[in-house]
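Residues per chain, in single letters:
2 protein chains.
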Amino acid sequence: MSVLIVGSIALDTVKTPFEEHADLLGGSASYCAVAASFFSPVNLVGVVGDDFPKEHVAFFKSRDIDLAGLQIADGKTFRWSGEYMLDMNVRETRSIALNVFEHFTPKLADGYSDTPFILLGNIGPDLQNHVLDQVAKPRFVIADTMDLWINIAKDELLRLLKRVDMLILNDSEARLLTQQTSLVKAGQQIQAMGPRYVAVKKGEHGCLLFGEDDDFFSCGAYPLEDVHDPTGAGDTFAGGLAGYLASMVEDEVTFADLRKAVVHGSVLASFNVEQFSLERMRTLTQEDIRERYDSFRLFSQFEVIE
Amino acid sequence: MSVLIVGSIALDTVKTPFEEHADLLGGSASYCAVAASFFSPVNLVGVVGDDFPKEHVAFFKSRDIDLAGLQIADGKTFRWSGEYMLDMNVRETRSIALNVFEHFTPKLADGYSDTPFILLGNIGPDLQNHVLDQVAKPRFVIADTMDLWINIAKDELLRLLKRVDMLILNDSEARLLTQQTSLVKAGQQIQAMGPRYVAVKKGEHGCLLFGEDDDFFSCGAYPLEDVHDPTGAGDTFAGGLAGYLASMVEDEVTFADLRKAVVHGSVLASFNVEQFSLERMRTLTQEDIRERYDSFRLFSQFEVIE
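Protein sequences, first through last, are from chains A and B.
If you're matching positions, the first sequence starts at 1 in this note's numbering and goes up one per residue.
If you're matching positions, the second sequence starts at 1 in this note's numbering and goes up one per residue.
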């Protein structure tokens with residue numbers, strides 16, 4: 001089944017202690033859409049400026065991503081610049097220029113309104129709600145969010161939470177939203193705000209998945225030797241998760257489906273951080289994904305079943 | 001098989017944002033020994049002062065811990081006082097009084113020198129080396145350590161590492177010892193210093209286990225709703241791991257044994273933090289351990305096998 005993905009599309013400048021690269025393809029929708037495209041057809045909704053390089057459009061097309069929902073506006077593409085500290089877990093934003101994104105109103109292309117799976121990538125909850133206003137009866141809606149929206153648009157976010165099946169956020173954001181220290185309590189409290197499922201990302205430590213009737217899954221992180229650029233890891237996780245879910249669900253989404261989807265999201269994210277921007281996605285194969293999934297499973301087994 | 005355990009025995013004063021308790025049973029050897037006693041016979045080596053409460057001795061005896069190696073010296077028992085911050089992951093030491101521990105020389109009781117499993121709990125590496133000087137041909141030696149020894153006794157610690165089969169330390173200590181950001185590289189680098197196996201503890205996020213020939217196991221943490229006192233969690237993990245390993249190994253220690261041992265250590269630690277000091281260990285049953293092991297496995301399964 002198809003996944004409708006909305007979010008930001010950006011040109012990023014990223015500095016790590018070892019390298020710096022400018023004008024990289026970035027933005028939540030870019031990472032989400034490319035990751036999802038490894039598993040399912042993707043309908044992309046976003047905006048770029050008239051300076052957006054044609055090669056990036058060609059890359060989306062090479063991944064069979066439907067671009068009928070991609071608006072090209074007069075002006076410049078959204079730009080973000082950030083710097084990572086030595087341990088790569090700490091990031092500082094150096095500059096943001098919203099440009100054409102400032103007046104972005106997501107508009108669904110013809111035929112998008114009955115896409116069965118929807119991934120609301122990390123953008124303002126007002127825009128996420130606006131997308132949901134335009135769809136018919138989606139089978140499963142996933143929303144990603146971040147601390148910024150919890151701080152400046154909490155009411156709009158709470159309104160969104162009543163309309164989605166699953167929320168993805170990181171551990172510090174879950175604590176910020178609920179004022180709970182315990183991630184278990186935080187996850188359960190967010191479920192009470194609306195979403196049946198909550199995925200709490202813990203960066204290099206994996207992810208906790210909360211379901212109905214106390215269903216619970218703790219996914220470790222894939223152990224990485226070299227992280228070159230963590231940018232987009234969370235978006236890639238969300239995209240891989242949504243794409244995999246859409247590819248395998250026939251009737252109802254089950255917790256067993258979601259476990260595997262979380263692992264596939266983690267696998268995609270583990271590849272993405274190996275190179276800058278979305279570079280690693282250009283060479284990634286289905287065979288690579290299968291192999292890492294298998295070794296990931298082996299690494300996590302309590303009692304080894306060969 | 002039996003486990004010889006050496007470490008500190010202390011009286012602790014612990015303050016959390018919610019409670020404060022004084023003169024609690026503490027110290028690395030106390031936590032290690034009691035945890036191990038759920039799986040294997042334990043020979044304890046340590047020192048206390050003449051003020052050490054008889055009830056704590058009775059508690060060790062109730063766990064069938066052999067106390068022939070427990071020295072009772074003239075003077076006061078080692079005392080430690082610490083305070084936890086609101087998120088319970090950050091701790092400040094308020095005071096330390098070494099007392100009789102200052103001149104402690106571990107001395108093995110008759111019959112201890114051929115104990116097959118040895119757990120060198122967290123004490124100075126000079127004392128840990130001194131214990132190894134007194135044993136015959138142990139089957140498997142595990143050492144725990146901490147940042148203090150990496151900072152002030154690194155040469156002695158490096159000498160110890162060549163003599164042990166397994167080192168247990170936490171993530172920040174692994175980074176400190178190797179100057180590596182990546183925990184995977186850090187674990188492998190520590191293996192090159194001597195131990196065939198390295199367990200890197202990640203607090204609430206679980207543990208990474210490194211073995212020979214790129215064997216690797218990523219164990220998540222058991223999700224806890226209420227942490228009342230994290231003191232001794234690492235020692236309890238080490239004790240549970242060593243005790244379980246000693247209970248199941250017949251010939252050689254295998255990586256499959258070690259996976260299960262790491263999970264049993266995590267299970268014991270998850271119980272211990274539910275109450276202050278070693279209180280939870282007083283009521284813990286084998287049935288409790290089995291149940292939590294089973295739900296832990298279920299929580300961690302990628303593909304659910306009922």
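Treat the hints with care, as some may be off.
Unchecked claim - Cross-link-like lysine-lysine pairs, in silico, DSS-like; alpha carbons within 30 Å at most: (1) A:K185 to B:K137; (2) B:K185 to A:K15; (3) A:K185 to B:K185; (4) B:K137 to B:K76; (5) B:K137 to B:K260.
Source of the hints: derived by calculation from the structure; they are not laboratory data.
Computed from a predicted structure; not experimentally measured.
Hints, one by one, checked against the model:
The straight-line distance between the Cα atoms of A:K185 and B:K137 is roughly 48 Å, outside the 30 Å bound, and the hint therefore fails. At most 30 Å may separate the alpha-carbon atoms for a hinted pair to count; B:K185 and A:K15 meet this at roughly 23 Å. At most 30 Å may separate the alpha-carbon atoms for a hinted pair to count; A:K185 and B:K185 exceed this at roughly 34 Å. Restraint check: the Cα-Cα separation between B:K137 and B:K76 comes to about 35 Å, which exceeds 30 Å; the hinted pair is violated.
Restraint check: the Cα-Cα separation between B:K137 and B:K260 comes to about 25 Å, which is no more than 30 Å; the hinted pair holds.
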